[in-house]
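With the numbering used here applied, the sequence shown corresponds to residues 42 to 371, in that order.
It is worth saying that the hints were derived from the structure and are not from the lab.
A quick note: this is a predicted structure, and the numbers were derived from the prediction, not measured.
Wrong hints could be hidden among the right ones.
[To be verified] In silico lysine-lysine, PhoX-like type, Cα no more than 25 Å apart, as pairs:
{"hint": "1", "residue 1": "K156", "residue 2": "K115"}
{"hint": "2", "residue 1": "K202", "residue 2": "K115"}
{"hint": "3", "residue 1": "K154", "residue 2": "K141"}
{"hint": "4", "residue 1": "K112", "residue 2": "K169"}
{"hint": "5", "residue 1": "K112", "residue 2": "K141"}
{"hint": "6", "residue 1": "K115", "residue 2": "K141"}
{"hint": "7", "residue 1": "K257", "residue 2": "K169"}
{"hint": "8", "residue 1": "K112", "residue 2": "K156"}
{"hint": "9", "residue 1": "K154", "residue 2": "K202"}
{"hint": "10", "residue 1": "K257", "residue 2": "K112"}
{"hint": "11", "residue 1": "K154", "residue 2": "K169"}
{"hint": "12", "residue 1": "K156", "residue 2": "K141"}
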Amino acid sequence: MTRAQQVISGIGRFGGRFGSSFGPEALAMAALLLLSVFLTACQTSETLGTAAGDAKSHMVGGRKPHFSPLKPFKDSLFGYRAAISSRDNGEYLVVPYDEKLDINRRDEMPVRKVKPQYTRRLSANRIKDTVYAAPGGPQPLWIAGNSGADAAMTVIYLHGKGGNRDWGFEDETFGGNFNRAKNLLAEAGGAWLSPDFTDFEAAGAADIAALIRERKPLTRGKLVLACGSMGTKLCWRLVLDPQLSGMIGGLVLLGGFPEPRFPAGDRHIPVYIAHGSRDSVYAASAMDEMYDRLKSAGQPVRMTVFDTGNHGTPVRMIDWRMALNWIASN
């Protein structure tokens with residue numbers, strides 16, 4: 042018997058029991074009230090049951106899913122403006138960049154301090170100032186979000202020449218974009234890491250290799266390398282290492298340079314390229330060629346070019362939510 046049939050049967054019993062004591066109008070009103078109460082209860086119960094079923098359907102073998110998409114966070118401030126041009130169904134975009142809008146109006150003190158509405162500081166218990174075990178000894182490390190086990194996603198940011206771990210953890214410089222990245226990962230149960238490392242050669246690569254081996258077992262989703270400028274050199278070393286490539290779930294190249302040997306083997310590692318059209322350090326045309334080569338080979342790749350942008354523009358302008366959600370889904 043359905044819930045509705047049970048309710049109607051109960052109303053019938055109610056009428057048979059008390060019909061002799063009450064007039065027909067009073068009995069009808071009481072029956073309608075009883076019907077309303079029971080149907081509301083049925084609807085609520087069924088809604089809760091559906092919600093529980095939906096939640097269960099998103100579990101994998103009774104466990105949490107590897108990754109749920111990063112939720113919106115200040116999207117209206119950090120999302121790309123309407124594309125100037127597009128191809129490959131939007132996988133290659135040229136988007137506007139305007140120094141007057143994207144630096145002078147965005148920053149309280151141009152380049153040095155973004156306006157308050159662009160940031161939200163994480164609480165102290167979601168930030169960890171720590172070290173990781175590198176071959177040459179402990180190296181300093183910043184972690185935002187889940188510093189323990191079962192991280193939904195781990196992103197390791199590798200700074201460029203002349204930088205340090207603070208570059209990838211700054212709240213007020215770079216237009217507040219690293220603050221957004223930290224918040225996006227923290228809210229999703231993921232981790233944003235910004236490490237120091239020895240150099241951009243073999244020793245530095247060995248440092249980050251040790252960090253990857255430490256963090257990958259603590260990550261249920263993808264471990265992603267985000268490579269800023271010269272940091273790209275380390276990323277290529279790591280992803281071409283056959284012992285490490287299987288641990289790396291994606292690359293974000295920010296003002297980087299191409300690697301003709303990538304991809305190696307049959308792995309499909311998603312690559313998101315962000316580049317300024319006027320980059321005078323690493324030419325955008327070289328990354329265009331890499332994009333076309335990877336696309337022709339059937340590799341998962343996206344590229345966003347910031348029109349009139351320079352070498353440092355991608356760090357300020359990349360839409361981290363778009364980039365990381367795309368990597369997670371490929």
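Now for the hints, and whether the structure bears them out:
1. K156 - K115: It holds: about 13 Å lies between the C-alpha atoms, which stays within 25 Å.
2. K202 - K115: Since the Cα atoms of K202 and K115 sit roughly 29 Å apart, the hinted pair is violated (cutoff 25 Å).
3. K154 - K141: Holds, at about 15 Å.
4. K112 - K169: Distance ~23 Å between K112 and K169 Cα, so the pair holds.
5. K112 - K141: Answer violated: K112 to K141 is near 29 Å, above 25 Å.
6. K115 - K141: Holds: K115 and K141 sit about 20 Å apart, inside 25 Å.
7. K257 - K169: holds, 18 Å
8. K112 - K156: Distance of about 22 Å is within 25 Å: holds.
9. K154 - K202: holds, 21 Å
10. K257 - K112: holds, 23 Å
11. K154 - K169: Distance ~23 Å between K154 and K169 Cα, so the pair holds.
12. K156 - K141: holds, 14 Å
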